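**Student:** Okay, here's what each chain looks like letter by letter:
There are 2 protein chains.
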Amino acid sequence: MKGQILCIPCTVRATYDIATKATDNEELQMKAVTEVLKWLSENHNLLDMTPAMMHTYAFRLVQKITGNNDPFAQLKRESNRIAMKLSPLLRDELARLSFREAFRFAALGAICGNSIDFEVEGYEVTMGGLEESLMKCLRGKLTIDDTPKLMDVLSKANRVLYLLDNAGEIAFDKIFIEFITSNYPVKVLAVVKSAPILNDATMEDALQVGLNSVAEVVTTGSSSIGLNLDECSEEFLRQLGGVDLIIAKGQGYYESVTEIENILRKPIVYMLRAKCLAVAKSLNVHRGANIIKLVNY
Amino acid sequence: MKGQILCIPCTVRATYDIATKATDNEELQMKAVTEVLKWLSENHNLLDMTPAMMHTYAFRLVQKITGNNDPFAQLKRESNRIAMKLSPLLRDELARLSFREAFRFAALGAICGNSIDFEVEGYEVTMGGLEESLMKCLRGKLTIDDTPKLMDVLSKANRVLYLLDNAGEIAFDKIFIEFITSNYPVKVLAVVKSAPILNDATMEDALQVGLNSVAEVVTTGSSSIGLNLDECSEEFLRQLGGVDLIIAKGQGYYESVTEIENILRKPIVYMLRAKCLAVAKSLNVHRGANIIKLVNY
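Each protein sequence line maps, in turn, to chains A and B. If you read the first sequence in the numbering used here, its first letter stands for residue 58, the second for the next number, and so on. If you read the second sequence in the numbering used here, its first letter stands for residue 58, the second for the next number, and so on.
FYI, nobody ran anything at the bench for these hints, they're computed from the structure. Just so you know, these numbers come straight off a predicted model, no measurement behind them. Even glycine gets a Cβ: it sits at the ideal position worked out from N, Cα and C. The reader is advised that the hints may include incorrect statements.
Unchecked claim - Not the full set, but computed from the structure, chain B residues with beta-carbon under 10 Å of chain A:
| no. | residue |
| --- | --- |
| 1 | L94 |
| 2 | M141 |
| 3 | D287 |
Unchecked claim - Within a straight-line C-alpha distance of at most 20 Å, the following computed EDC-like cross-link-like pairs (lysine to aspartate or glutamate) qualify:
| no. | chain 1 | residue 1 | chain 2 | residue 2 |
| --- | --- | --- | --- | --- |
| 4 | A | K338 | B | E291 |
| 5 | A | K198 | A | E261 |
| 6 | B | K59 | A | D81 |
| 7 | B | K338 | A | E158 |
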């Protein structure tokens with residue numbers, strides 16, 4: 058998915074949000090915002106970039122200017138902890154369902170993890186609210202639902218590459234991966250970022266939620282939002298070449314992987330909630346729609 | 058109120074929103090956004106400007122680039138029409154209340170008008186929703202409530218300058234002005250912008266809702282958001298000098314008039330809903346708080 062004009066104000070706002078997380082020094086915050094304004098106004102091929110690339114630039118700029126390498130560190134650890142507390146809710150529901158229902162439910166759970174805002178200050182106060190919000194999401198529908206096709210691909214696959222999105226939601230991805238490996242004879246490679254970028258899951262997050270007990274956890278070798286093949290390690294590219302199915306979670310991977318579908322030439326399933334207007338438009342759905350979409354099928 | 062760093066991404070987003078209303082030509086939209094990025098990145102005194110000044114710059118830039126002088130024209134006319142349809146609800150409630158209750162209710166109504174989003178496409182479908190939203194707002198509270206002081210000032214005043222904010226809500230301002238002039242021996246000057254800026258009320262809007270039947274409608278002589286004395290007409294400045302009370306509606310007037318309170322040196326009452334974080338912070342209230350705040354009292 059190429060960038061849209063709307064991605065420009067969004068990138069400026071993201072810079073502000075990242076900068077205020079990275080430092081309390083308002084001069085540095087202002088410098089970060091000003092530098093991103095300059096970059097965006099000078100770069101005349103913005104609409105050929107993916108939104109993921111614009112936001113990656115903004116994040117790295119804030120890292121450089123503020124000297125804070127991981128502004129979301131605390132948020133990520135706390136998100137994992139809360140999501141793990143919520144996980145039994147999902148498992149209890151799963152246990153009550155038939156196979157087909159459970160498959161869809163576990164997949165939807167992984168998407169719902171993405172839509173729950175774990176950024177809570179008063180944890181004790183809002184845990185009930187988070188539970189409610191999760192259950193509401195789990196009762197929601199899939200606006201694009203390719204789960205039958207996904208089951209078909211899984212039944213023929215050996216190796217699956219699972220591109221993880223944010224800390225927190227990876228606790229729900231773990232449940233989905235567990236479900237897949239229990240029901241299909243596949244090996245799952247769970248992919249995290251090699252270094253901090255936004256609240257994207259890193260190795261530390263994967264270990265915190267115990268993803269290594271259900272999958273081999275690997276990194277892209279890059280800290281780009283989404284997938285930027287130019288930045289990936291040789292090892293990751295080799296792993297990527299050897300899988301039969303790619304599961305791409307979240308908007309960042311949707312934005313970037315859609316641009317290289319013809320290079321990858323294997324089944325890819327996008328699992329996401331379309332949280333922004335540009336992504337929703339590109340999928341021809343309303344904002345907030347839950348999507349499981351299989352391509353190269 | 059001076060600008061904050063947060064006002065910068067907000068100005069970029071506003072430029073996008075105005076540009077997409079002004080034209081369907083994406084090249085022109087992109088040009089407007091790029092030009093505002095440049096201006097914001099070059100201007101190193103942004104935090105000495107009011108947010109109202111930043112947004113005024115953005116609007117005029119879009120006017121110039123797109124050639125569309127009044128991107129909100131249709132929205133303004135439709136907002137007036139819908140607000141007039143909703144007005145009887147407010148009047149019915151008013152008729153049931155004691156004087157003090159009615160005063161507070163009419164004032165809150167003028168604030169609620171500002172918080173209702175009249176930007177509806179399917180009018181018939183959402184009229185019920187708008188009614189519900191208005192009634193909910195009218196049952197809300199005033200986080201800062203200087204109505205007793207305001208009554209006191211009104212009982213001693215002769216001439217009142219009422220700075221109007223947006224089209225649509227001016228139908229509710231009309232009800233408040235009617236209430237004031239029925240209960241106090243004051244003359245009200247209702248102030249609109251001299252030319253289009255965002256969805257701010259102009260003379261055309263004032264006439265559409267019949268404001269001229271309850272007040273003398275005048276213009277600032279300027280199309281700035283809020284009040285920019287450098288741009289006002291001599292006549293308006295003369296009128297401003299002769300009043301005993303200024304009623305300043307909405308965020309734009311709050312942002313700009315707070316900077317010149319010591320020049321104006323007369324009672325000013327700010328009536329607004331604090332819709333953005335920067336304004337809420339400056340008033341030390343939560344976002345969405347309803348405010349009636351009197352200064353120079």
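**Student:** If a hint holds in the structure, say so; if it doesn't, say that too.
**Tutor:** Checked hints:
The beta carbon of L94(B) comes within 4 Å of a beta carbon in chain A, closer than 10 Å, and the hint placing it at the interface holds. Given the 10 Å rule on beta carbons, the hint for M141(B) is violated: about 31 Å separates it from the nearest Cβ of chain A. Look at D287(B): its Cβ only gets to about 26 Å from chain A, farther than 10 Å, so that hint breaks. At most 20 Å may separate the alpha-carbon atoms for a hinted pair to count; K338(A) and E291(B) exceed this at roughly 49 Å.
Between K198(A) and E261(A), the direct Cα distance comes to roughly 32 Å. Violation of the 20 Å bound is thereby established for this hinted pair. This hinted pair checks out: K59(B) and D81(A) have alpha carbons roughly 19 Å apart, not beyond 20 Å. Among the hinted pairs, K338(B) with E158(A) is inconsistent with the structure: their alpha-carbon atoms are about 48 Å apart, more than 20 Å.
This entry does not satisfy hints 2, 3, 4, 5, 7, going by the numbered hints stated previously.
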